[in-house]
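Bring the two chains, given one by one in their own frames, into a single complex with the hints.
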Amino acid sequence: MTALQETRLQEASVLAAGLPTVTEAIEAIGAGALSPVELTEHVLARIERLDPLLDSYVDVFTESALAKARSVQDAIARGESLGPLQGIPVGLKDLYDVAGTPTLAGSAVRAGHVADTDSTVTRKLRAAGAVITGKTVTHEFAYGVVSAPARNPWDRETIPGGSSGGSASAVAAQLCLAAMGSDTGGSIRIPAGLCGLVGLKPTFGRVSKRGVAELSWSLDHAGPITRTVADAAVLLQAIAGHDPGDRCSIDEPVPDYLTGLGAGIEGLRVGVPTNFFFDAVDPEVADAVHAALAVLVEAGAVLVDVTVPHVELTADLVSTIVGVEAAAIHQEHIRTVPEAYTADTRMRLLAGELISGTSYVNAQRARRLVVDGFRSVLSGLSGVDVIATPTLPVTAPAFGAKTAQLGGADVPVMAALNPLTAPANAAGLPALAVPCGFSAAGLPLSLQLMGRPFDEATLLVAGHAYQRRTDWHTRRPPLGEN
Amino acid sequence: MTDPDVQQAVRRLAAAGLDVDEQQAREALSVSREPDASKLYRTLPIDGIEPMIAFDPRWRA
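In the order they appear, the protein sequences are chains A and B. Residues 49 to 530 (this note's numbering) make up the first sequence, in order. Residues 4 to 64 (this note's numbering) make up the second sequence, in order.
In isolation and in its complexed conformation, chain B is listed as follows (with noise of 0.2 Å):
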């Protein structure tokens, strides 16, 4: 991770209204695996497969 990165994560919290420093937001990216799982996601044969979102249109009391 870089430090533009760390700036980014500070800044995209800040938009969020997530007040925090940079030592928070390279923590949060230190266990994050989004960077390398977004890349993994676009290289799977994914196409034409629905999300597994449950939505149940029945209303329920």
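Next comes chain A alone, as it looks inside the complex (with noise of 0.2 Å):
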């Protein structure tokens, strides 16, 4: 057998058990036996079998992804590295700008749009080796849960979530092995729970969102949708850092997320709250994320009993912030080509336009106080390391509905989606969202842990010790492929 055709036979091994995760991907292409252009063609492959059920992504780079991953294999057939992503395929959310390329933002109003230059993150992955696969479905200008017309790969009839949708449902589906998310209130974690995988929202200015689509300057974050929680902290490190070119980024060191990352959790301090986090979840969501809290203690956690106060404030504040932030981004726009907006992002921004200064002014003020409940719980002596909660209160909602029931009461999706997620973003914290189960419908549950301001890594170790007990993200979709 020639080099080559053991080369072949290994790259089959590695790609018949489905696709491997960044992290194993890596190591396969660093021990030689998994090509770059093999594995971007396998996923271009499946984007092509499996994208038209699931609607995920909005433009997809064929071409320049190839011409990438055969300048990824000839440096390594030269014993160079272009970087710790060298031929890894990632999806950017069509909020990233990407020289060239049209930035759509899920809108008819960006129609005609080409980005002159990359984002941060989009330069910062390709720095890293990445291979760009194409653009993810987006909700309208991230306003929004829903992220029509993606699909959920769990179930088609429901929805991925938002306003990540397309880039969870790809990650989902493996038609990418990691995609890159924004998160004003949950858009990150929901689309990350709804579909059974791992959601990180840094901290508020650890990663750049110059050249990223706003929706509201203080509450909007960037960051990555993965299978694994090792995978999200392979991509924090790539992406992480100041960038003086977005007035939201904070000059914080990038500690080293990798290397401690399997140091376990013995004796970490789990807070679980006893106000509003379980108040009104689902009981399979409740039996789920209880069971993942035992999980925790066997890996040698410790829980704590924690209230967060003010917590209850976060849906009015949030919603005060972000309508008005949105309604003067779009100011221009909503009142040029209004009819280019869908109804529901129109009634929102119009909404948003009714807000008073006043109103406005105390939300930011109330959001001190917030800031202020999480940071008596999560520091001082008696402070907890993590707090621990359920992600979403429900499952995924179908593909069409308006509302989903919460509490026994049907609210609109949005309000079913993002109550427990919110907060985190109110606060700035880094949030992590880990499958830890499937209800009896088959549809994912997921765990939240929240931490301290750019402590990502306690949230990274805790979560990596979860997945190491656990295979809900070894699960895959029902797709028809066995």
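No lab work stands behind these hints, which were simulated from the structure alone. One or more hints might be untrue.
Said to hold, decoys possible - Per the computed footprint, the stretches of chain B lying under chain A, defined by three or more beta-carbons under 8 Å from a beta-carbon of chain A, are:
1) 13 to 25
2) 45 to 51
Stated by the list, open to error - Among the chain B residues that face chain A by a calculated CB cut under 8 Å, a handful are:
3) T5
4) V9
5) E30
6) A31
7) A40
8) P54
9) I56
We treat Cβ as the ideally placed atom computed from N, Cα and C, and that holds for glycine.
See the structure below:
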């Protein structure tokens, strides 16, 4: 057998069990057991075959992806490395600028747009050697949680969530190895939770938002969606860091997220809220989260009952802040081309125009109460290291549904999906969604871990410890492949 | 929401340069938390708290 034949055999073996995770692919590429070209071709073939069922992509960069994969492969052949993500296929939510291509943000308002330059995250991913597979579906301007027309691979009659729904659908269906999302009230963690994935919203200012279409300056965050916590750590390592081109970026040192990832959680103090977070949650969700907490205890964690003061203010203050900031961002287009927005977005932007300046300032003052509430729980000698809650109170709503059942009442889908994720946006804290089971109907359930500002490392260690003891993240959605 | 609420919303939006009919104003009000939120904020212990609006006096390129 020739060396080439041997490599082909190894590749077939690596890809036979499904797409490798980011971490597995890095290892296989590094060991010469998988070529970046083979991996990218495999991903593109999956997109061609499966995306008609899911509508997760708005644009697939077939030629540039293959060209990048070939350049990585050539570099490897020369004994060089193009970076820690060399040859890894990554999707971008269609809010991230890629030079020379449109950023449509899910809206007809942006028709004809072509980005001049890469977003900072796009540039960092490219610099790390990643292969950009294309743009994924976003809810219009990230102002919602449905992400039509994208579908949830676990049940295509349900939504993938949003606003980063295309990214989550694509990662769950293995149409890329990881994807970028953005999160204003939960838009990374909600779709990650509904699609059985890991979603990381870093601390406000940790990852640059330059070149990412805005919804709300003071609440938007950029972060990755992956299948494993280890993969999220790899992505965060590549994209974190201060960017003078982003006024929200904060100049804090970026630690090594990878070396200590397997350190374990012996003695980790996990706060479990006795208020708010479990008040209106489906019993299936609550049971799964409590089972996940038991796993953390088996791994050495200590559970501590906590009360998070003022967290119940979140829905109002986030609604006020996003409403006003989005109205300001869209003030020109809502006046000149209102018909180009979908009815729902137009309605929300008009509602934002009706919010008083006093309310906006008061919401930003109330935000301090929420920040201080979390601080009281996460700091000091009696403080906990992380707070654990459900990511979502419910499982994925039906595609087309306007309402979902929450605490025995019908509430709008957005209100049903974001109450437990939005507090971390209000407080700017890092938060991680980790798959923790499935409902009786076969839909994913999710655990959320929140931590101290710029302490993503502790969240990642805890999430990784959980995934080493569970196999929820290894399950694959039913797409008729087996 | 009352008819006067809707008519006031139409007038306020018109004054801001947004030409909407009563149905559109009614829909906007239906998703607004503003009436309840503005009342809630007035009950909170936020006297003395400065708003968390970022202002950076440094000059940047």
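For a quick check of understanding: which of the numbered hints are violated here, in increasing order? 3, 4
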